[in-house]
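Engineer: Heads up: the protein sequence lines correspond to chains A and B, in order. Taking the working numbering, the leading residue of the first sequence gets 4, the next gets one more, and so forth. Taking the working numbering, the leading residue of the second sequence gets 33, the next gets one more, and so forth.
You may find that some hints are simply not true.
Claimed, not checked - Not close to chain B: a few residues of chain A, all C-beta gaps over 10 Å, as computed:
hint	residue
1	Glu24
2	Arg35
3	Phe78
4	Pro87
5	Asp99
6	Leu132
7	Arg190
Stated by the list, open to error - The list that follows gives simulated cross-link-like pairs (lysine to aspartate or glutamate, DMTMM-like), each with its CA atoms no further than 25 Å apart:
hint	chain 1	residue 1	chain 2	residue 2
8	B	Lys69	B	Asp83
9	B	Lys69	B	Glu56
10	B	Lys69	A	Asp32
11	A	Lys74	A	Glu167
12	A	Lys74	A	Glu24
13	A	Lys74	A	Glu25
14	B	Lys69	A	Glu161
15	B	Lys69	B	Glu101
16	B	Lys69	A	Glu17
17	B	Lys69	B	Glu107
18	A	Lys74	A	Glu62
19	B	Lys69	A	Glu24
20	A	Lys74	A	Glu39
21	A	Lys74	A	Asp99
22	A	Lys74	A	Glu143
23	A	Lys74	B	Glu107
24	B	Lys69	A	Glu25
25	B	Lys69	B	Asp82
These aren't lab readings, by the way, just hints derived from the structure by calculation. Heads up, the beta-carbon is just placed ideally off N, CA and C, and yes, glycines get one too.
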Amino acid sequence: MASEPATTVELELEQEQRLVEEAQQGNLDAMRPILERYAGPLYGTVILPRLGDAASAEEVLRDTLATAVEKIRRFTWQGKSIYPWLRQIAINKVYDVHRQSKRSRRLADAMVHEIDVETDPASHADAQLIADQERRAHRERIDETLRHLQDRYRTAIELRLIQELSREDCARRLGVTIGTFDVLLFRAVRAFRKHFGEYAERAEPPRTGDT
Amino acid sequence: MATQDDDTLTGSVPDPDTEPAPAELAHARRFAELVDKTLSGRTPPAMSADDRALLEVATVIRATHGSVELAPSQERQVVEDALRQAIGAPAPSRGAAVPIARARVRRWVPWIVAGTSTLVAAAAVAMLWLRAPAGTGHESPVARRAEVPPEWTSRPADSLVGPIARDHAGDASARIDAIFADRLDGFRARRLARGGKP
């Protein structure tokens, strides 16, 4: 599991506020603990589930953090974590990637579709709450799509991609040859992709931010 | 006719029990190997657009179930790169993380070196100019011409040989003997001037 931000352990809100203020006064190195704290959740719950490509996700994370450092003076402390602000930057970067790469529109929309989370500045929703909520929402969408697949396809995906069993073990569990299992997984991922896109079409269009 | 690759992403997906065509079998095997590599963190950079699209789906599923995360070392590197990118410093080679404070200093190092070199060069020129006033009469020993007899010096042999007439063109040995005798005289004179010492 990607490490999730904690509220009181290492980087409490007060400490975070102090670091942000230091950075806003010109000591950009003060951003380091904040970035180290939130890089994991941003990658694991915001960027990668929307991109699906680890290398691109790492690049987007790097851009997100660099933009945050560059624009830290524009950030206004509102009594809650800086995480929602970082998350919004990350989402906008992901949109940019999808716009630039001419991928299948349906799947791209499905992947970048923003999940509603509590980002009301007046609230005190902290980073962990947001990350947890986001993770749950992503998972519900994936599970919902899996439910629409035929049993053998669903099982193939669960064994190979979620439990990460070897091809040999997966084939043994399903009572087929490795070659047949390869075909099952191939078709299962194709079917998932198709259903996932249809799910996105039923969902709300993506929201754009102004960060 | 549409090939298997053409409709991998857009065509309908057969039922699990449908017998695969050889092309589908080959594609499925290729995709299975890609998944293998991706699960072991060795995703190949080059692959077909169809395979990439399917692999992204697989990664989304894995990421959503928390199976994919950034290694701590990668995470540190990304943070370091981002900080460096934000201050406009060039990224170092992979695996060599340099703290941002040192990176800031490094950014100025070439300018400091260039400035110091210019100052040192200017100081050297000024010192040379101040220490060598014109008209003192102290000439450099290197610049002084050595005062030695002409027979000690390297010199042309034209005056010894003179113009060579066509019918004496074959007398090269006689000309060489004349030159040799002249040079031997010079050698002897020099040696005698030193009291017979070489």
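Engineer: Straight-line Cα separation of lysine 69 of chain B and aspartate 83 of chain B no greater than 25 Å?
Structural biologist: holds, 13 Å
Engineer: Can you confirm whether the C-alpha distance between lysine 74 of chain A and glutamate 62 of chain A stays at or below 25 Å?
Structural biologist: Answer holds: lysine 74 of chain A to glutamate 62 of chain A is near 18 Å, not above 25 Å.
Engineer: Please work out if lysine 69 of chain B and glutamate 56 of chain B have their alpha carbons no farther apart than 25 Å.
Structural biologist: holds, 20 Å
Engineer: Between lysine 74 of chain A and glutamate 39 of chain A, is the straight-line Cα distance small enough, at 25 Å or below?
Structural biologist: Cα-Cα ~17 Å, so holds.
Engineer: Hey, does phenylalanine 78 of chain A actually stay past 10 Å from chain B on C-beta?
Structural biologist: At roughly 14 Å from the nearest Cβ of chain B, phenylalanine 78 of chain A sits farther out than 10 Å, so the non-interface label holds.
Engineer: Per the stated criterion, does the least C-beta distance between aspartate 99 of chain A and chain B lie above 10 Å, as a non-interface residue requires?
Structural biologist: holds, 16 Å
Engineer: Is it correct that the beta-carbon of arginine 35 of chain A has no partner in chain B closer than or equal to 10 Å?
Structural biologist: violated, 6 Å
Engineer: For a C-alpha distance cap of 25 Å, please report whether lysine 74 of chain A and glutamate 167 of chain A respect it.
Structural biologist: Cα-Cα ~40 Å, so violated.
Engineer: Mind checking the alpha carbons of lysine 69 of chain B and aspartate 32 of chain A for me, to see if they're no more than 25 Å apart?
Structural biologist: Distance of about 37 Å is beyond 25 Å: violated.
Engineer: Given the hint that lysine 74 of chain A pairs with glutamate 107 of chain B, does the C-alpha gap stay at or below 25 Å?
Structural biologist: With a Cα-Cα distance of about 21 Å, the restraint between lysine 74 of chain A and glutamate 107 of chain B holds, given a limit of 25 Å.
Engineer: Straight-line Cα separation of lysine 69 of chain B and glutamate 101 of chain B no greater than 25 Å?
Structural biologist: holds, 16 Å
Engineer: Using Cβ atoms and 10 Å as the threshold, tell me whether glutamate 24 of chain A really stays out of contact range of chain B.
Structural biologist: Holds, because the least Cβ-Cβ distance between glutamate 24 of chain A and chain B comes to about 17 Å, which exceeds 10 Å.
When the structure is compared with the earlier hints, violations turn up for hints 2, 7, 10, 11, 16, 19, 22 and 24 and for no others.
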